[in-house]
Amino acid sequence: MARFTSLEDLRAALATGQLSRRELIKRATILGVGATVGGSLLAACEDDDEDDDTEDVGVDPDDDDDVVDDTDDDDEVDDEDPDDADDDVDDEPVDGRVPKITVGLGADALTLMPTSIVDWTTGIQISHIHDRTVSHDPDDNFAVGPWLCTLEVIDDLTWELELVDDNIQFHNGEVLTSEHFKALIDWNLDEENESHHHERLNTIEEVEIIDDQTFRLHTTAPTPILPQRLVAVEPISLEHWEEVGDDGITSDPVGTGPFIFNEWVRDEHLLLDRNPDYWKHDVQVDQVEFRYIPEFSSRLAAMLAGEIEIVKDVPVDDVPRVEDNDDVRIESVASSRVNYVALVNNREGSVFEDVRVRQAINYAVDVDAIIDGIFQGEATKMAGALSEANANVNLDIEPYPYDPDRALELLEEAGIDPNELEITMDAPQGRYPMDTDAAQAIAAELGRIGITVNVQFNEWGTHLDKIVNRETGDMFYLGWGPALEAQGTIQELFVEDRTYSGFGEPELTERINEAIQIVDPDAAQAEWDEIQEIIHEQAGWLFLWQQHDIYAVANHVEWSPRADEFMWMGDARPRNS
Amino acid sequence: MTTYVIRRLIHIFIVILLVLTVVFFLTRLTGDPVLFFVPMDTAPADLEEIRERRGFNDPLYVQYGRFMRDALQGDFGDSLRQNEPATNLVFRVIPATLELGAAALLLSIVLGVPLGIFSAIHRGSIADKTSTLVAVLGLSVPAFWMGLLLILLFSVYLGWLPTSGRGSMAHLIMPAVTLAAFSVARYARLARSTMLDVLGQDYVRTGRAKGLSENRVIWVHALKNASIPLITITGLQAGHLLGGAVIVEQVFSRPGIGRLLVQSLLNRDFPVVMAAIVFVAIVYTFMSLLTDLAYAWANPEVRLR
Numbered sequence: 001m002a003r004f005t006s007l008e009d010l011r012a013a014l015a016t017g018q019l020s021r022r023e024l025i026k027r028a029t030i031l032g033v034g035a036t037v038g039g040s041l042l043a044a045c046e047d048d049d050e051d052d053d054t055e056d057v058g059v060d061p062d063d064d065d066d067v068v069d070d071t072d073d074d075d076e077v078d079d080e081d082p083d084d085a086d087d088d089v090d091d092e093p094v095d096g097r098v099p100k101i102t103v104g105l106g107a108d109a110l111t112l113m114p115t116s117i118v119d120w121t122t123g124i125q126i127s128h129i130h131d132r133t134v135s136h137d138p139d140d141n142f143a144v145g146p147w148l149c150t151l152e153v154i155d156d157l158t159w160e161l162e163l164v165d166d167n168i169q170f171h172n173g174e175v176l177t178s179e180h181f182k183a184l185i186d187w188n189l190d191e192e193n194e195s196h197h198h199e200r201l202n203t204i205e206e207v208e209i210i211d212d213q214t215f216r217l218h219t220t221a222p223t224p225i226l227p228q229r230l231v232a233v234e235p236i237s238l239e240h241w242e243e244v245g246d247d248g249i250t251s252d253p254v255g256t257g258p259f260i261f262n263e264w265v266r267d268e269h270l271l272l273d274r275n276p277d278y279w280k281h282d283v284q285v286d287q288v289e290f291r292y293i294p295e296f297s298s299r300l301a302a303m304l305a306g307e308i309e310i311v312k313d314v315p316v317d318d319v320p321r322v323e324d325n326d327d328v329r330i331e332s333v334a335s336s337r338v339n340y341v342a343l344v345n346n347r348e349g350s351v352f353e354d355v356r357v358r359q360a361i362n363y364a365v366d367v368d369a370i371i372d373g374i375f376q377g378e379a380t381k382m383a384g385a386l387s388e389a390n391a392n393v394n395l396d397i398e399p400y401p402y403d404p405d406r407a408l409e410l411l412e413e414a415g416i417d418p419n420e421l422e423i424t425m426d427a428p429q430g431r432y433p434m435d436t437d438a439a440q441a442i443a444a445e446l447g448r449i450g451i452t453v454n455v456q457f458n459e460w461g462t463h464l465d466k467i468v469n470r471e472t473g474d475m476f477y478l479g480w481g482p483a484l485e486a487q488g489t490i491q492e493l494f495v496e497d498r499t500y501s502g503f504g505e506p507e508l509t510e511r512i513n514e515a516i517q518i519v520d521p522d523a524a525q526a527e528w529d530e531i532q533e534i535i536h537e538q539a540g541w542l543f544l545w546q547q548h549d550i551y552a553v554a555n556h557v558e559w560s561p562r563a564d565e566f567m568w569m570g571d572a573r574p575r576n577s
Numbered sequence: 001m002t003t004y005v006i007r008r009l010i011h012i013f014i015v016i017l018l019v020l021t022v023v024f025f026l027t028r029l030t031g032d033p034v035l036f037f038v039p040m041d042t043a044p045a046d047l048e049e050i051r052e053r054r055g056f057n058d059p060l061y062v063q064y065g066r067f068m069r070d071a072l073q074g075d076f077g078d079s080l081r082q083n084e085p086a087t088n089l090v091f092r093v094i095p096a097t098l099e100l101g102a103a104a105l106l107l108s109i110v111l112g113v114p115l116g117i118f119s120a121i122h123r124g125s126i127a128d129k130t131s132t133l134v135a136v137l138g139l140s141v142p143a144f145w146m147g148l149l150l151i152l153l154f155s156v157y158l159g160w161l162p163t164s165g166r167g168s169m170a171h172l173i174m175p176a177v178t179l180a181a182f183s184v185a186r187y188a189r190l191a192r193s194t195m196l197d198v199l200g201q202d203y204v205r206t207g208r209a210k211g212l213s214e215n216r217v218i219w220v221h222a223l224k225n226a227s228i229p230l231i232t233i234t235g236l237q238a239g240h241l242l243g244g245a246v247i248v249e250q251v252f253s254r255p256g257i258g259r260l261l262v263q264s265l266l267n268r269d270f271p272v273v274m275a276a277i278v279f280v281a282i283v284y285t286f287m288s289l290l291t292d293l294a295y296a297w298a299n300p301e302v303r304l305r
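Taken in sequence, the protein lines are chains A and B.
All residue numbers for the first sequence refer to the working numbering, where the first residue is 1 and numbers rise by one.
All residue numbers for the second sequence refer to the working numbering, where the first residue is 1 and numbers rise by one.
One chain only, chain B, in its complex shape (with noise of 0.2 Å):
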């Protein structure tokens, strides 16, 4: 087990590594980011002075390895527009994106596990159509324009929540409601294949045969058996999640890794871009992680080597 941790602890730093790379090299093809930063009146050789002080003159190897020379020690440099370190700006915004994730994780689980349950309990019937509806709409509406409807309904014709921003709950609600629309739906999905799959087992029937409630049947044996997929799908959620988090961040102008990071791509400021991909790299791969290891606690027969 330990052994397996650390070899993924490795895996996990040289897919860091990697990602560095690559989006090091894609952000410097988007052009020049001196432009986005000095007034636009500023003379030729006054830019040319600044690309020289800043190394953006330098060949792109040597910029590349002065890079990762100090993103290794952690310095991601300083904002281009901000003046102040890359890395304060990311941490900034960390609490606020956390709080929206976790908030539509739990909303996904605990909406969508018990629909997809219900679904399968009563296949068939009315309720298990309408849940299926449910689903494929929360699939298939752009969290954007999801968003935009939910501003509409709540917050301008009903006055009942606000538009944007973070502070109280009620600065949650519907961005959370957004952002778990599309894990609703998979997790609904998940649950009621995964139950009808388990509800067709032979323990399943001996538990029926031995007088066991039908409560217990489903909520204690069928659950647990079914639960594996599920957690599986959790860890991919998370992603998911903070990848949903660039566009409902901006809808619901919530602070947070996402909105940072569109602004800083839309104004080439590098350091930020960077310190921001790494911060989601790490969550992601960490999230994988803990995933295999929640997988091999719920079902013993998974050796992790």
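Next up, chain A with everything else stripped away, as it sits in the complex (with noise of 0.2 Å):
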């Protein structure tokens, strides 16, 4: 092989064909230069129309493999000298544009029709192809708010939805009207077609266009949870969807959003080209991949190899293994996904009938020394029932701490000896976080006291059957999210006869129904902060934590992780690795 001593010697190579430009970047780098000399060492070589913006990055737009290379390449740097390596580090983003970011999931979209199934792979899949109705703001605590639409309340059965922007085009050319928004409500509320967003949405009476701009929602009931239910409404191209009808569309979607559709091969991968004419802003990554890796340790093999950008739930066990890669970061934000374990009070004979055996209960568990132990820190003790990623916490609320002496005095009180008291908690093994651990944990710090904890451990299917089928024993534990919402975690696991719930207090949920129903948003939130109080005292949960998500993210990507677990690459961008 050609022996190449300076940059010259390069340059001459790549003009006589001698060298590939991916080659080039290598040997540049080699030579003891930065990929990024090298890029410019190969713009100075390029045709006119070689993409400037990619350069800055040291990579091939063309060459999806050049992403891996460079990345092995800064190792190469670190080789030569330390110093140099340690200089190029800087978290800022960069100009320019990613030329591919591949992202690992575990499973494959159910489908592509917006809409119609709810699964948290699937929505992340179609909300880079479509946009959303309205949004979680991260900057208004995940709060609904505009995205293509604003959103206003008329009266208690009426909203009014205005387009922000009058020439929204979909892929295809067609421009965005409310006729979108209504083509795509009412084949929801057709129960026909079996869409998981019919419940949802079945309040909806009647769908009014006032103009193509702005359109009115009128409900049956009052129903303050619609706005974000209105999040999943992603709007399809009407030209396109009766061109290729219900069945086409769920696999050859044409939306709004920051990407295109190029290629969805089942079981294997999604591809989407960049939108260079998104109406929202710049997108500056070209190509999106999500690529399905089921098992996670074959995930994080690929990342470590660095075959894709960003996967998901990395174990805290994994962190340093990550950390140890130069070219790979951790990035971690706290959820909004809750896990407690459910105080079953609402079955004869149970001992948690007695709200002072609940309360001992919370007082009884050390949930910091669970977290800093067992999670490393990577969770976040709650108070009450809401995170603090919900838009609606009563931040007032102070969590329960750690007093065993007050736990055996409430349970004194309530006339139980915890020596004699033994109780069965179903717990599932690898759906959460550390469960496993966590649920042994809490059995201990119970022990510590003189209660006997069973934990009988579920595979996930038969777990929830017991759930629902109230066959669980005296404690079960769960998680549940993403929470952005009171309604959506109260009325579900604090009213009595709701599918997951443990719980049942009539005051209490005779209070939900009618917080329910409250759409003016000062009044509810009123409410909602009572509601959160009277579950606190009343310890319907042993209250645990917040996840941490845990992300890996390849070091030549700006991206950061939500609560929300709204996975979207629209705004992600180019960083110095």
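Since the hints were derived computationally from the structure, they do not count as laboratory data.
Don't take each hint at face value.
Stated by the list, open to error - Covered stretches of chain B (chain A as the covering partner; in silico rule of three or more C-beta atoms under 8 Å from a C-beta of chain A):
no.	segment
1	1 to 9
2	27 to 41
3	71 to 83
4	110 to 124
5	144 to 157
6	170 to 178
Claimed, not checked - Some residues of chain A that are not near chain B, with every Cβ distance over 10 Å (derived):
no.	residue
7	Val175
8	Ala443
9	Asp497
Positions of the beta carbon are idealized from the N, C-alpha and C atoms, including for glycine.
Assemble the dimeric complex from its two separately framed chains, guided by the hints.
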């Protein structure tokens, strides 16, 4: 193989075709210059049609593999001169575009038809091709704010939506109008279509079109949660829908989103191209691929091999392994997903019928110690039923302190000898971060005051069956989320007859049923604040923690995770690695 | 011969009916499938309505009768999660599994048989002991662990091969090697023992005495006689490879019948489970039939009745 001892040699080799551009960058790096200089050298030898933006990050937009090669090259820089490598590290984003971001997901999308199936993996992918009607605003504690539309309450039964721009275009050039929203909502309201969103939207009686940019939703009952439910309404090109039909739209979508559908190889990957005319902002990623890798260990290996740029749910135990890799960093965020242990009070003979016993459990478990010991700090203690990432949280509520003496006092007042108390706790295995260890730690904490807790670990489906059929022990471990507003958590988990509830208290149920009818945001918040205080006092759960979502992210990509688990590449951009 | 094949086909049909029946009742024991394909905030009344509409509230024998009636016409119903025919999902992944299975089988034979013959010829030598050790390792190392080690070595540290996916020969190498490891070892052990047996036969000694070259004695005369057990094992290995694909496809994130089966079982997607199991049963039983036919071809003394 030819030897190149100077940059001039490299330039000459490139000009004469002895060297590929990819090889040039690698060799320029070996010669002791940064990838950026290599890129500049390349630019000097390039034709006018070369994309200047991508050169700044030292990668070739035409060759995905270069992303991997460049990260390898950084290792070589480390070998040559560690000081130089340190100088190159800069957390600031840089100009230009990322040629490609590959996101490792655990499962394939179930469909590409928006607003039809409730499934996190499916929804994340669809939201890159389509736009949400309204969206959670991370700058406003994830309250619902404008996206395609602004939303205004006209009265308790009427909502008005207006497009934020009168020239938002689908990828096929069709202009977005009120008709698109009406068609999609009407499709969901038709029971025949078996949409998961049917029940979520079924208080909508009529979609009234005011003009091309404005429409109203008339509901049969006050539905304050409606804005949350409109987040998932992502309009489809009607021309395309008519052309390909319901079946066609599931695998050939045309939306208004930041990325244009390229190909979907089922069980393998979804490939999307940058939308150069995205209405909202300039998209700084040329291509996004969602690759399906079910096993987490394989996903992490792909990440460490430089094949993918982002993976979610890195186990706490694997964080040091990721941090040892110079090309990858850890990004962690307190998720809106909460973990709790239900203290089942609504079953005959349950020891948790007595509120003092429920409170005693909360005093007896040192949640902070579990967070520090098992989660290595990667969880946030919760005071009540809602996390700090929930728009309706009552921040005045203080968590139960760890006070085993107080726990014993309460048990004594309730006439219970902890040494004779034996409780079964049902827990899933591997569903939530560190759930097995956490369940055992909770049992051990209660064991310290004499209570015997038998932990019954279940396969996930069996766990769900037991909760739904009310066949668990008196305690069960569960996670819930994304939980961004009060109703979705409190109604579902504290009203006795709801599917996954383990708690029932008539007065509380009445208050909740009233709260879910209050449309005025301030009045509703006041009511939810009081309900959260009642729940805290009633100790329907052993309040645990907000999960932290831990992501591994390639250093050449500037992207931060969000508490609402919205894994969106629309605002990703290049970063100095 | 024709009568034999017809009778075996009838047997295959009965076996598949029995498999369908057993799997139908076993899957129903796993619990309520509806919880897996509706949002968690679905109200109990809506859950009940869905169960009713999908027929999950009917007595089990009614559900079984309905299922068998449709299944015998090739209709396993729609996937509960993906709203498309279960057979479509299965047909979509069959090429990937066949590709992996064929590569692994080829690798097993190409590596395992010569390795076994080599051991037999050099019985008791260091090479024989080394090949025995390799074979034992292949038989005892779990595919899951081996797959992860290969990924770490060849993808993460060396960067030579892709960690996962499907598309090129490079994507096929590690999964095929992992899947073949067990079979290579079995072929090697079997080839060694049968070859040792054959090499001690009179006709081999006669061949050598007549002045035939050692290569001709081994590769022409001895191997043909040693091949009968190898043919038998090939039929069995095809089934094992299909079973092994369940793990290998999961580790290497290759689409395939194994991964589909695991995912649909975990999601209680009964129609897909049934369609996939039927496919596996058909392959297994037909491989068994082909093995018997090949056995008769290799050994004219065997008469198929």
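Of the numbered hints stated previously, which ones are contradicted by the structure, given in increasing order? As far as the earlier hints go, 1, 4, 6 and 9 are violated by this structure, in ascending order.
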